[in-house]
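**Student:** Please put together the full structure from these sequences, using the hints given.
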Amino acid sequence: MILRPRKEDHLVIGKYTGKVVTGVGLLMIVPLLVSAFFGEWDTVVDFVIGISACLVFGFGTQLLCRTERDLNWSHGLVVASGSWGVATILGALPHFLSGHEGSYLDAMFDVMSGYTTTGLYLLQDLDHISMGLNMWRHLLTYAGGQGIVVIALTFLFKGTAGAYKVYVGEGKDERLLPNVVQTAQAIWLVSLTWLIVGTLALFVTGWSLGQEPVRAFFHAMWVFMGAWSTGGFAPQSYNTFWFHSLTFETISIVIMIAGSFNFALHWALWTGKRKEVIRNVETISFAVTLSVTTLIATFALAKAGVYPDAMTLFRKVFYQLASGHTTTGFSTIYARAFVTQWGPIGLIATTIAMAIGASACSTGGGIKGIRIGVMTKAFFQDVRRILSPESAVVRAKYHHIRDVMLDDGIVRTSMTITIAYITLYGLTAVVGALYGYDFLQAAFEGVSAVSNTGLSCGVTSPAMPSLMKVLYIVGMWLGRLEFMSVFALVGYGVAIIRGRR
Amino acid sequence: MNRRTLALLGLVVALTAALLGGGCMPQAGNPQKSPNEASSGTLVESPKKYDGTSVTFEGEAIGEVMVRGDMAWIHVNDDAYYLENVEEGAALGGYNSGMAIWLPAEEAAKITLVGDYKHEGDVVKIEGVFNAACAEHGGDLDIHATSLSIVSEGRSAVDPVKVVKLLWAIGLAFLAWVLWFTNRKWDDWGIGSTTSR
Amino acid sequence: MTPRESGFRALLRREKWPQYVGGMLTETAFILVLTAIAFVLAVVAQAVVR
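Protein chains in written order, with my numbering: chain P, 2 to 502; chain L, 23 to 219; chain B, 195 to 244.
Rather than coming from a laboratory, the hints here were simulated on the basis of the structure.
Here a beta-carbon is modelled for each residue, glycine too, at the ideal position from N, C-alpha and C.
Heads up, some of the hints might be wrong.
Output of the computed footprint for chain P on chain L, the stretches with three or more beta carbons under 8 Å from beta carbons of chain P [stated by the list, open to error]:
{"id": "1", "segment": "25 to 34"}
{"id": "2", "segment": "100 to 114"}
{"id": "3", "segment": "165 to 178"}
{"id": "4", "segment": "182 to 194"}
**Tutor:** If you want it as structure tokens, here you go:
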């Protein structure tokens, strides 16, 4: 039995959704300033419209939804997914107004791809867009990586207990410090420190590679944002292929893998628990699956003789695989080269890496290392159970910050979410195939969208069927928020229509 | 069959119809074709066929010239925008597409304008050898060029502020201010805060 | 606003930075080890296939 939501429920949801959207509007001030700095006045106007629209929504809901009540769990989930929806519609204004998008749907695709740190895009003539719009593309992927709710939490919520519930709705359930605001601050500390160090490293490298200082700085910051948020946007249509440099590639690999780590892992390492890096279930899982998929792709490509020597083989394979596994989506090969050079085995290895994805409570997507780790442990526990005498109690545990006993509840949750991911991967692949794309390519692209990676083998394009664009948008959204909060939003809608009073 | 099953069945049928019917592909209106016999698209589609062959490649110099010692990297786009870009009013015609080109720095120095938001870059023509996976450059798909000539010079491409957009901006900003102001007044008067507690 | 600012400031205290830097270096080292493994794989693959 579902209860029909009452007026107070609508009010509290409206109020907090409004707050998050206000936060998105305020975020647009950064690209507005960049545009003004470079004298891109038409883009400045686009951002004024974008900011105003967000504020009209934000302040409007504050007026309409006046309540002092705090959020409960289902409110939190609905606010998280609902505000992502509204933020996508309104955040797409600058993209659309730039004239580089084929339709408003395309603009929304790009913005959802940004928030969810996917990195697929439909924007056309990227090489001629303004600095301001490029700033916005990368800022929204950086913000989306932190979680737009986390941002709103830090700046707009006044320490309510309900804030934590929205935060969980956004797919981040680690509490690093006693309260959620402190946790958000710790996440900011890690992200901003990496932002400064990473941007500096890429800036110096870019400058030495022949870029002008101002350009080198902005490119460094944007590539950092794309890498750290495991987003995969880059300022030029050539993506990170633009730089042609081993140093640049290595630095971006370090940033994107660091970005794919669980924030709880960062915090453990940053507070002196260094051993965690080799004990944590997710780092072990990541190291194993990354090495195995790299191994498969390396041998397949070596056998096909695509690359002339070990060094080129290493550079191309590891970069794409690390990018795929961390669900970043940076690429130093042409999208179509996955098909024309890498071939089926290369495609499959990359697809598996993307499907598994990054760590939980990180900026990344995919099934997540912790679930792979938990399910592997559960599998071996069952095997041991079969081999042991009937009376024996077979226990298993895994290490994530502390030792955790493996119980059926944990395994069950891991399994349901994994099955949800696999179903969605399958659905996007089948729909792609129905539209006439090669199945393997459709699977690659579908997994890339749902796991929030953003690598492309050429299926995604402004000319692809609108319904596939919609499916990818929904897939990115579901994948990033890990299903539950989106289902809560759907349930909320259903309850309004047919719930019991 | 009960109502729920029927509804579910209806949904499935509707979704399938939508999927099959929604396959219309909105084609972009920009007909500009690549000037090259072997365009960047063709080179990427059949890298093996062209590997190690001499090619001439023409297009817009984009982004920047990255000088590295005696040599330099440039990127040349032969896409729908190589003669006119979107900011100047060209219709949309798909993604950018081009080639990375490694050439002597003195040849690259002939380029005076590169394409970006405010500029349509020089259209250049290069001659060189195509590599499907360059051993010298970490397996990059590139062209090692020996010569570069300017086909036509670039120009500045200013994107003017559109009046309609400006009016919208002013209107919306004003509305946002009004709402913010009302909000603050209501807070002062305590409207709404007690009734729905 | 003030209590939260001081909370963030507590995280920024000077004596905490050696720990933070150590954490970053540990992360970087771990990633570089993975990179090295991939390089070894490439060398082996190239040698085996030839």
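**Student:** Determine for every hint whether it applies to the structure shown.
**Tutor:** Evaluated hints:
no., hint, verdict
1, 25 to 34, "violated (count 0)"
2, 100 to 114, "holds (count 8)"
3, 165 to 178, "violated (count 0)"
4, 182 to 194, "holds (count 8)"
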